[in-house]
Structure formats: structure tokens, C-alpha cells
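Peer 1: What follows is each chain in one-letter form.
Number of protein chains: 2
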Amino acid sequence: MSAVVAARGLERLSLNQATITRASLRTAVELTARAGIPAIGVWREGIAEEGLEASARLVRDAGVRVSSVCRGGFFTAADPAERRAAHEQNLRAIEEAAALGAPALVLVAGGIPAGTKDLAGARERVREAIAALVEPAASAGVRLAIEPLHPMYAADRAVVSTLGQALGIAEAFPAPTVGVVVDAFHVWWDPDLAEQVARAGAGGRIASYQVCDWVTPIAPDALLSRGLPGDGWVDVPALTRLVSAAGYDGDVEVEVFRQEVWDADPAAVVELVAARHRELVAPHLA
Amino acid sequence: MSAVVAARGLERLSLNQATITRASLRTAVELTARAGIPAIGVWREGIAEEGLEASARLVRDAGVRVSSVCRGGFFTAADPAERRAAHEQNLRAIEEAAALGAPALVLVAGGIPAGTKDLAGARERVREAIAALVEPAASAGVRLAIEPLHPMYAADRAVVSTLGQALGIAEAFPAPTVGVVVDAFHVWWDPDLAEQVARAGAGGRIASYQVCDWVTPIAPDALLSRGLPGDGWVDVPALTRLVSAAGYDGDVEVEVFRQEVWDADPAAVVELVAARHRELVAPHLA
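Protein chains in written order, with my numbering: chain A, 49 to 334; chain B, 49 to 334.
Please note that the accuracy of each hint is not assured.
Said to hold, decoys possible - Partial list, derived from the structure: chain A residues whose beta carbon lies under 10 Å from chain B:
{"id": "1", "residue": "102"}
{"id": "2", "residue": "156"}
{"id": "3", "residue": "159"}
{"id": "4", "residue": "180"}
{"id": "5", "residue": "187"}
{"id": "6", "residue": "198"}
{"id": "7", "residue": "199"}
{"id": "8", "residue": "268"}
{"id": "9", "residue": "269"}
In case anyone wonders, no lab produced these hints; they're calculated from the structure.
Glycine included, each C-beta is placed from N, C-alpha and C at the ideal position.
Kindly produce the complete structure, drawing on both the sequences and the hints.
Peer 2: Here it is as C-alpha cells:
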């Protein structure tokens, strides 16, 4: 089937599936296409539910492009057997991204192994684990996209905490194979943000730009603190101009984890995402 | 009266009053002295309750040194009248620190003004407001100690988010008058930590070292997430060696905001603080 004709102002919008997490991949793809949103960010859980071949057929038949697969990573286990298992999972994630035609596989580093306080060791293992994925990713034509997560997740989710740190890892490898994710929620506070986005752009390292918002107070489950663009403290237009000026010309994903958003009607959420993109993002893209 | 004779291993410990927040300044000073802890970090709320002259007499009579006064700051209001009021409050805080013989006044920057998304403007106002306090602080013999707070507080509490950023502000002014606070909870995650602590030390900028821990999950009130040293993810001995190797030879404050700690018997908390200091901090000081 031919590609979805993007609705006016939505030409670069991608709906990350997690924003309507209750919907199956099938439903998420349908809602995306129906709203005139040309792209989707797909989660591995959704692929597993549908099956890989069926998932690939689904997005192809719908004419929706896949902007990213979320997610690989979780590199930081101290136990060698756990690290090998993570490597195998990441090889599988690369295959899935390739099968879906996704340009990027998002990588979340993983936290400090429980029972230790070895932040430095965990960070070193991230570097080693990514090195081991570069050749398979290059062969598959998939780009590894290192996502720095907000420092409040450094202990238990991701020891890669800033854009500068992510770039420091990525720059040891070829830019077409290893890039970084710029996610508004995770990086908006960074005093070095302008400098690091420019560095990422100059090196051709921006693999994905994800938009959401920092909402206070922090949610009881801190992982669910992300709000819809415009609902929090982030100057989304300014960040979008920064990323755009750095040369990023790919899809802009809206990825929100928030209980109220998840509890709402998925079709209504998709409309709201489209409206916010038109208002806060599209006018600021080059 | 003569100085408290520090118990063995507690020579550089300071109990920050907030760790036993239910206790009055009088009780906090008594518990500190009784435990053989030679220093205390005092909050302005405690001073206000007791009165400034009485507070100064209290610590002097107890022979307890005051390691810091907490806190000044809150510089980021957009409204000029609010900014003038904050400046007046900070002048008053400088006076209080001088009266208590505290070497440092801790400064918390303040958040983004409600209803705006102007992080950059708020950061600029911090710089201007500190510039206006340098002369009064120098005259009073009080050092302004800029405290970077964890990035999770950037929106609503402190737009100074990293040690590097705090140093960038401090370094525009003479080191004896403007320094920075190294607080374990706020900075432990920073990929640039070793470099920035070394920079702070080389410039003689470490005005205070505060020890506590990062405990997961983040508390329902994020401000109360700080745990006792040893109860979380921070490698306190390693951080202490880093700060010590950078040349810091002042008091080490234990400052914990946590409901369970506040609900416990203050005398028992003081004993626990002393024990953790002996175990995790004292052996790692030069």
C-alpha cells in the first residue's frame, strides 16, 4: 500500500506507541494512519505480541513509516551470563528494527547493579556492550541511538545521564551506526544543552528527537512523570529550534508515559498529540 | 565556654539541623554537643525562632562551631519587587551567618517563575543576584556557597543544576567570597563529577561538603528523598576521597530530609549519623 498522506502540519510527526500504551500495535498503527500521522515509534513488546513478520506487514500495509524501535540496552549487569543474555536480546532488537525498516534502535543503558554502588563500572560496561553491537548494527543497516535519561534515573534505569556523556560514547564509532536521542524530558534542564545539541548536530549524531514535557510534581511512579508537550516546564518551541538548527531533519516522536494519558481514550490522545505538534513543534522545524 | 571535645572519629563532622528537623535549635545544639559532634549546620528558621543574639550565644556557650547557615538564595523571580525582597532577605542571611561565625551561607538558586518556561532567564537572574551580594558578603566575612541541586529540582527549586554550572558562576568572583557546595545527593550521578570536583578544589572553591544518600524509589514528596549516608546508591567513601583529594579540609555536614528520619527519636538519629560518619566518611578524609 502507498504511504499515509500526512495531514497538514504533521509531515514529521511520529506517534510513539507508548503514548497510547493500552492499544495493541495493530490499533496504534490504525489510529496513527487515520489521524494522518505518517510515522510511529514501535515498542518491542508490541512486536512480540503481533509477531515480527506480521508487525512488518502491518506497518507496510498501513503505509506508516517506523521512526524507531524501543528499545534495546540494559547493558550494566555485573554478571557475565546476564550480560551475554542482554547482548543476545540486543541482536534480536537490531533484527526487529531492520525488519520494520526503522532507522534507529533506541538504547537505554540500564542502572547500577542491585547490591553495588559501582556507577563507574556500570558506565564502563555500557561502552563495551555498545562496541560489541556496532558491527551487527552496521550489517543490518540499523542505527544504535543512545538515549541519555534524566539523572533521576541514574541509579535504577540508565547510567547514561547527559547528552554530552552519550556523545562521548557514540563518537568512538562511525556516525551512521551510532547516534544519540535528544528527548526533551531527559535533557531540558542541562546547562550545556545548546552546546551539546550543536555538537551532536555537527557530528551528524542526532538519531532521534523525542518530545514530551517535564511536569511537576514528579509522579508517584517517577517513570510516569512525562507529560504531553505543552503541559509542563519545557520550552518545546525553543528546543525544537535548537535541534532543527543543528541539522536534524528526521521524525519527531511524541512519547509520553503518564497514567492520565494512558487512562484516556487512545483516539482522543492521538488527536491531542497532533494538535500539540502543530502548535509547538511543526512551526519551529526548518 | 570552651569548644566541644570531638569524639574520636568525629573531628570534622557537622550535624545539619535539618536532619533532626523537629528539634529546636537549642535542642539540636545540645544533642550535637552531647554526642561529641563539634559542629552544626544551622537553618534560618531555627535562628528566627530563637532570635539572632540568643542563637549566637547558644552556639558560643555550647562550644559548637557553626559550619554553615542554610539558606539564602531564591533569586529567580521575574518581578522586580520580589527580587528586591529576596535581596533584602539575603542581606539578612549574611548578617546571621556573620553573627553565628559561620564560614558559609548556602545559596539555593530558586526555580523557574510559575507561569513561564524561562529557564535561561532564571539562570541569568541568579548570576546578577549573586553579583549584588558579593560586596556585602565580603564585608561581613561570609562566604557565599552556591549549591547546585539535582536536576530533578530544576523547574521548581533550583535552576543551578550541576557543579560545573555553579563553578561557572562562582569563578566570576573572588574565591574567598564565592564558593560552591558539593552535596552527595545532588551531584553523585554527574559524569563530569571527578573533573568538576578537581576544578573546584584547584580554585579553592569548595565551601561545603554535605553527605547523604540517593535512595530509590524517589519519595512521594521528592524533596524528602535524601537518605542517611550508606542507605542508598552513592559510593560515599569514594566521593569523600575525591573531595578530600581536591583539598577540602572543612567540616562535613550530614543533611538528610526524609520522613522516617524526621519521625525517629532525634537523639537516636544523631547517634546513627555519628556511626555512619565514622564508617563511611572519617577514614576517607586526608
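Peer 1: Against each hint, give a clear statement of whether it holds in the structure.
Peer 2: We went through each hint and held it up to the structure:
With a cut of 10 Å, the hint placing residue 102/A at the interface with chain B is violated, because the nearest CB-to-CB distance is about 37 Å. For residue 156/A, the interface hint is violated, since its Cβ never comes within 10 Å of a Cβ in chain B; the closest pair sits about 15 Å apart. Proximity of residue 159/A to chain B holds as hinted, the smallest CB-CB distance being about 9 Å (cut-off 10 Å). For residue 180/A, the shortest C-beta to C-beta distance to chain B is roughly 21 Å, which exceeds 10 Å, and the interface hint is violated.
Proximity of residue 187/A to chain B is violated relative to the hint, the smallest CB-CB distance being about 30 Å (cut-off 10 Å). For residue 198/A, the suggested interface contact is upheld, since its CB lies about 7 Å from the closest CB of chain B, less than 10 Å. The beta carbon of residue 199/A is positioned within 10 Å of a beta carbon in chain B (closest approach about 4 Å), and the interface hint is therefore held. Interface restraint check: residue 268/A against chain B, minimum CB-CB distance 6 Å, threshold 10 Å, status holds.
Evaluation of the residue 269/A hint against chain B yields a held restraint, the C-beta minimum of about 8 Å falling below 10 Å.
This entry does not satisfy hints 1, 2, 4 and 5, going by the numbered hints stated previously.
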